[in-house]
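Chains as they are written, first to last, in our numbering: chain A, 1 to 153; chain B, 154 to 306; chain C, 307 to 459.
Please keep in mind that the hints were generated in silico from the structure rather than gathered at the bench.
Do not rely on the hints blindly, as some may be mistaken.
Cross-link-like lysine-lysine pairs, in silico, DSS-like; alpha carbons within 27 Å at most [as the list claims (entries may be wrong)]:
#, chain 1, residue 1, chain 2, residue 2
1, B, 241, A, 25
2, B, 241, C, 361
3, C, 361, A, 55
4, B, 241, A, 88
5, A, 55, B, 208
6, C, 394, B, 178
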Amino acid sequence: MNAEARIAELNLHLPPPPKPGGIYKPVVVAGGLAYVSGHVSRTPAGELITGRVGKDLTLEQGKAAAREVGLAILTALRAEFGSLDRVKRLVKSLGLVNAAPDFTQQPQVINGYSELMSEVFGPDNGVGARSAIGAGTLPSNVAVEIEAIFEVR
Amino acid sequence: MNAEARIAELNLHLPPPPKPGGIYKPVVVAGGLAYVSGHVSRTPAGELITGRVGKDLTLEQGKAAAREVGLAILTALRAEFGSLDRVKRLVKSLGLVNAAPDFTQQPQVINGYSELMSEVFGPDNGVGARSAIGAGTLPSNVAVEIEAIFEVR
Amino acid sequence: MNAEARIAELNLHLPPPPKPGGIYKPVVVAGGLAYVSGHVSRTPAGELITGRVGKDLTLEQGKAAAREVGLAILTALRAEFGSLDRVKRLVKSLGLVNAAPDFTQQPQVINGYSELMSEVFGPDNGVGARSAIGAGTLPSNVAVEIEAIFEVR
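Based on the provided sequences and hints, a complete structural model is requested.
Written as structure tokens, this is what we have:
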């Protein structure tokens with residue numbers, strides 16, 4: 001099943017694209033790969049999800065924030081290509097958690113994003129290489145920021 | 154207008170390449186892309202620009218430091234290819250700010266680098282995908298470190 | 307000399323692959339490049355090497371931990387391709403050190419990984435572009451995490 005059909009089946013609602021927060025493009029394509037800028041956690045209504053996971057937010061709240069980042073990345077890909085069916089597979093992601101100094105479950109937070117990608121693109125093409133780390137600080141104190149590379153067809 | 158002509162027109166002076174601070178190459182080319190190592194903030198005289206933005210340095214000082222990193226990256230690309238005209242476009246950057254724990258304007262700092270790239274390579278080819286984050290710590294306590302990927306012709 | 311012969315000559319023992327700590331693949335290949343997930347520091351027996359370098363671990367201990375990460379990455383590449391001789395060169399690495407707030411020798415730590423890659427793949431193909439930074443926090447409080455991109459033949 002292709003990605004757009006999965007989006008409909010799962011009844012996922014993609015958020016509108018955010019206003020750019022700096023001098024960059026949401027997506028740049030080179031050599032058959034789509035490089036997606038770091039996207040930050042926002043509510044479906046577009047408000048920033050902020051705070052440090054393990055202090056201001058629970059693990060579950062952080063994981064939910066990571067899923068929202070995934071939806072924002074899907075929005076960016078659809079805006080770039082017109083359809084998510086142009087995406088062949090997820091290649092690689094860097095997941096950054098705004099974590100409390102003693103927080104150590106960054107992978108479990110970023111799983112919120114990774115589960116979404118697996119649901120949409122499938123258990124093979126939707127699962128990529130990944131790093132999940134704690135940033136020192138993140139823009140506007142957002143809870144999660146994720147950048148990614150996708151292969152396009 | 155090509156990049157070398159823009160460098161001349163803007164009267165930009167590229168710094169000499171730094172001595173390697175570890176076991177790496179400044180630039181590696183693979184698959185038509187140039188992978189540029191993390192470059193750190195230095196003054197035009199080659200001294201490290203150090204300190205945490207939001208504590209030891211102001212936003213404007215951090216932004217100026219990010220621009221210096223951009224000049225160092227241009228030096229590395231010219232050394233690799235002989236001419237910046239071999240660079241087709243900026244694909245992707247990861248901008249790391251040595252930020253105070255409560256600093257949240259990482260994108261505004263990295264804009265100092267991004268503005269330079271846009272000036273040199275143009276508002277389309279010089280604007281790439283980007284992430285701007287706060288590192289926990291940076292080598293030698295530098296203010297800014299940036300790594301990037303460029304497409305070459 | 308090829309990589310597998312060097313492994314034998316250096317009498318290197320590659321560790322078994324770790325159990326996945328999240329929803330990701332150890333290696334994804336796209337466009338002739340192998341994207342390797344962030345791998346974390348473990349002892350040869352498979353136990354996590356944890357703590358902050360500059361506080362809980364010395365520079366030398368951190369450097370040794372980075373070398374262990376490199377061995378884990380070699381394991382992942384061999385599992386993916388059957389033989390390390392399929393690897394043409396190291397393209398790019400991002401080395402993340404779990405550093406004390408005042409630690410500034412991240413490159414010297416990551417050199418432990420880079421020296422290994424140079425030993426195995428040679429002083430040209432084994433030396434790539436690189437960034438070495440301090441993370442805010444790392445999963446399970448590991449000392450070092452490294453992700454990398456290799457060119458395959």
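Against the structure, the hints:
| no. | hint | in the structure |
| --- | --- | --- |
| 1 | B/241 - A/25 | holds (16 Å) |
| 2 | B/241 - C/361 | violated (44 Å) |
| 3 | C/361 - A/55 | holds (23 Å) |
| 4 | B/241 - A/88 | holds (25 Å) |
| 5 | A/55 - B/208 | holds (23 Å) |
| 6 | C/394 - B/178 | holds (16 Å) |
Checked against the numbered hints listed earlier, the structure breaks hint 2 alone; every other hint is satisfied.
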